[in-house]
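Line by line, the protein sequences give chains C and W.
Position 243 (the first sequence) corresponds to 243 in full-length UniProt numbering; numbering is contiguous.
Position 413 (the second sequence) corresponds to 413 in full-length UniProt numbering; numbering is contiguous.
In case anyone wonders, no lab produced these hints; they're calculated from the structure.
Just so we're clear, the structure is a prediction, and the values are computed from it rather than from any experiment.
Built from N, CA and C at the ideal position, the CB exists for glycine as well.
Watch out, some of these pointers could steer you wrong.
Claimed, not checked - Just a sample of chain W residues kept apart from chain C, beta carbon distances all over 12 Å, derived:
no., residue
1, 50
2, 76
3, 103
4, 278
5, 452
6, 579
To be verified - Reference excerpt, derived from the structure (chain W facing chain C, CB under 7 Å, subset only):
no., residue
7, 100
8, 101
9, 102
10, 314
11, 317
12, 426
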Amino acid sequence: MVMSSEDSSSSYPDEPELELGLGLSLGGGKAKARPPPPEKAAGAGSWDQYARILTAKDFPSMVSSTKASSSSSSSSSSPVAKANNSNGSCGTKRTAEPSSPPGRSALSQVVGWPPIRAYRMNSLVNHAKSPATEESASTIDKTKGTNLVLDKTNYSSNRNHNVAKERGFVKTSLFVKVNMDGITIGRKVDLSAHSCYESLAHTLDHMFKLSAAVGATRSKVEEEVVMGGKRQPPRLLDSSSDFVLTYEDKEGDWMLVGDVPWEMFLSSVRRLRIRRTAEVNGLSLMKGTGNS
Amino acid sequence: MDPDPKKSKVLTSNLPNSNGSSHPHSPFPDEVLEKVLSLIDSHKDRNSVSLVCKDWYNAERWTRSNLFIGNCYSVSPEIVARRFTKIKSVTLKGKPRFSDFNMLPRDWGANVHSWMVTFAKAYPFLEELRLKRMRVSDQSMELLAKSFPHFRALSLSSCDGFTDDGLKAITTHCGNLTELDIQDSVTADIGGGWLSCFPENFSSLEILNFSSLSSEVSFEALERLVSRCRSLRVLKVNDIITLDQLQRLLVHAPLLTELGTGSFLQELTPRQYEDIESAFGNCKNLRVLSGLWDATSFYIPVLYGACSGLTFLNMSDTVLQSGELAKLLAHCPNLRRLWVTDSVGDKGLEAVGSSCPLLEELRVFPADPYDLDHRHGVTELGFLAVSRGCRKLRYVLYFCRRMTNAAVVTIVQNCPDFTHFRLCIMNPRQPDYLTNEPMDEAFGAVAKTCTKLQRLSVSGLLTDTTFEYIGKYAKNLETLSVAFAGSSDRGMQCVLEGCPKLRKLEIRDCPFGNAALLSGLKKYEMMRSLWMSACNLTMKGCRLLAREMPRLNVEVIKDEGSDEIQADKVYVYRSVAGPRQDAPPIVLTL
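Work the whole structure out from these sequences, hints included.
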């Protein structure tokens with residue numbers, strides 16, 4: 001699969017969120033060919049090696065190779081990101097012209113405008129009604145020419161993407177709903193707070209083990225500290241575990257988490273579900289083509 | 001209440017011929033003075049009282065029990081503790097308002113800890129603490145929980161920095177707690193264990209609001225808490241709580257006056273539907289209703305039975321359609337305050353106009369802030385419709401995508417009593433969409449017609465003319481927010497010269513430069529604060545201001561990639577405490 005050269009104009013101020021959308025819509029063996037999202041960095045590496053069937057056992061190596069590839073792509077794109085950051089950080093130099101590119105792009109790049117409290121923004125995106133699946137496909141087409149980030153512009157998609165730019169730093173939260181078989185009340189997890197599957201799985205492990213008992217006792221900060229040290233591989237990634245972590249992608253298909261590079265996962269995940277292994281066997285999860 | 005003129009007249013008339021008494025000061029014994037002064041609650045009045053003379057200053061400081069500090073950096077904890085000795089209740093506000101919109105670095109400051117340490121020593125009888133836009137660490141919460149045996153009320157509005165551990169300290173140790181009110185907190189999932197830490201014999205809670213904390217709490221613990229706190233009158237839960245759980249809570253607490261529901265996203269059986277409907281029907285005292293996440297037309301009717309006494313309906317977390325709103329409003333004849341999202345459209349606002357004759361406050365938030373499509377949301381028509389039906393309107397916050405001068409002129413003619421007029425035309429610098437002219441006449445009409453105007457937020461394409469109008473007419477204006485407006489320094493100058501009661505001025509992305517900044521030299525000491533970002537200020541201008549006015553703190557934050565000369569974000573405020581010591585490296589104090 002050939003990577004398209006970037007068709008986005010670089011006169012546009014930086015959209016660091018684009019880094020999340022950098023993954024090619026390859027892998028997972030989907031038959032439908034889709035136009036790849038615009039990329040800032042050409043030649044971010046080929047993803048071909050990831051188009052194979054994966055099982056949970058592959059995880060430890062998968063995670064590290066994902067990290068390697070993601071770091072290579074992010075390192076190639078970050079200089080671009082940094083260079084453009086000064087333009088994007090706030091409305092200093094830019095005037096948001098009403099005649100700016102159509103749609104939401106102009107408005108969403110001005111920091112702190114419209115003046116809506118961060119709390120309310122979070123609330124809006126996290127409770128927006130979810131439409132049917134068509135939104136994502138059309139968003140991709142829209143983004144081709146306008147350099148917009150997938151789904152950021154569509155508050156009503158299930159994938160809640162809240163952009164809050166702080167000085168020079170872009171703080172994006174990517175909250176997705178997580179449900180678990182047998183538990184009526186779901187949780188939400190901020191995927192942007194994680195950089196790899198392992199860290200995500202640990203958080204979910206923690207979240208759902210304690211959901212029956214009362215209240216998480218560890219703060220997020222402590223969680224990070226724990227992450228840094230050596231620990232057991234999370235149960236969710238353990239093939240012998242009772243549970244399997246799956247996600248629904250943009251097309252409404254349920255996939256095994258871990259099939260694709262982390263960044264590609266971020267760009268396509270809509271929500272997560274922790275399933276009991278017994279039920280998974282009956283499900284036709286999409287698997288990678290090619291190698292088995 | 002203003003006793004001062006009368007008293008000071010007595011004072012001055014007694015001085016020359018003092019009835020034979022050689023006492024040059026107050027004719028009243030101190031005890032009487034203190035007794036009288038202890039009846040004065042308003043902190044503004046108290047500040048005036050303290051300026052009369054030294055005796056009054058002392059009498060006032062010994063009798064003040066409520067402390068209000070609008071800018072935590074305007075004074076230091078030590079100064080406060082020295083002056084006031086009997087404080088029972090403190091209100092502290094920290095970061096400038098634009099921090100709500102992520103315009104400040106995370107570690108900007110406003111950490112409450114140094115205050116907490118001082119209060120722990122100076123005010124062991126502290127009962128209430130209300131914080132807004134401050135950073136509150138777990139450590140501070142633990143100190144709070146352990147230092148004040150009479151502590152009753154904690155209110156945190158737009159605060160961050162704490163986790164489950166801090167809240168646990170509060171719920172575990174504050175045995176007399178009557179109020180725990182956490183609003184608009186922007187914390188991630190911090191954990192919900194705190195709710196389970198109220199002791200089993202704890203029953204004093206009257207106000208509990210955790211609607212903005214997204215963590216899951218133990219419903220069993222919540223239910224037990226609600227059932228044993230017989231004085232509970234305000235309960236606002238988060239969206240983890242489901243409808244049928246809510247029903248069980250309402251059965252325990254039918255006398256609630258304020259309710260924030262959980263999520264409506266649930267499939268109810270007919271029996272459950274009936275149960276929740278009747279539970280709401282039993283809530284005869286409900287005045288305030290909020291939450292209502294994911295409410296749909298099928299489930300909203302369960303609320304109807306509770307609406308007859310409602311004065312404040314906050315539907316801003318729900319995406320409602322016009323028909324749904326209209327039907328609901330038909331059951332709310334006593335509404336004074338209404339918050340909605342613009343999904344209700346102009347049609348929904350017409351329903352507001354016709355159903356809510358007593359309405360005093362309307363806030364319309366955008367359901368999709370980044371959508372520039374004019375077909376969505378509300379327009380000038382909706383606002384007009386409301387103004388025709390709701391003549392008592394005094395507070396409006398209106399986000400829209402198009403507006404006309406003519407509409408605003410008519411609106412303020414219909415509703416001249418506005419005290420708070422905050423209009424946000426979401427696309428910056430957008431002109432009157434019919435005439436293509438600037439929106440100067442609109443805000444001119446507001447300034448001229450609404451003589452009681454205290455707070456104004458302007459938007460749309462605006463020239464200096466708008467500010468001329470404001471300076472000329474808005475004599476009661478205290479807070480002004482300006483964005484993407486003005487043509488030259490003159491605009492800002494008009495405001496600084498013309499608005500005698502101005503206290504807070506916040507400006508972003510306007511062509512105001514050093515001349516404008518410096519024209520307000522004398523004024524800033526009479527204001528709480530000035531914020532200017534993305535304007536034409538330079539470091540030189542800011543340094544000059546700092547040099548000329550030593551009792552002002554001038555803080556500058558430079559954006560990444562900005563050059564030596566520019567002062568990107570400037571925050572100026574008066575202070576008797578000198579420059580602050582806790583500014584992060586990014587904040588330059590001049």
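Each hint, compared with the structure:
no.: 1; hint: 50; in the structure: holds (35 Å)
no.: 2; hint: 76; in the structure: holds (27 Å)
no.: 3; hint: 103; in the structure: violated (5 Å)
no.: 4; hint: 278; in the structure: holds (23 Å)
no.: 5; hint: 452; in the structure: holds (23 Å)
no.: 6; hint: 579; in the structure: holds (21 Å)
no.: 7; hint: 100; in the structure: holds (4 Å)
no.: 8; hint: 101; in the structure: holds (3 Å)
no.: 9; hint: 102; in the structure: holds (4 Å)
no.: 10; hint: 314; in the structure: violated (12 Å)
no.: 11; hint: 317; in the structure: holds (6 Å)
no.: 12; hint: 426; in the structure: holds (5 Å)
Comparing the model with each numbered hint stated earlier shows that hints 3, 10 do not hold.
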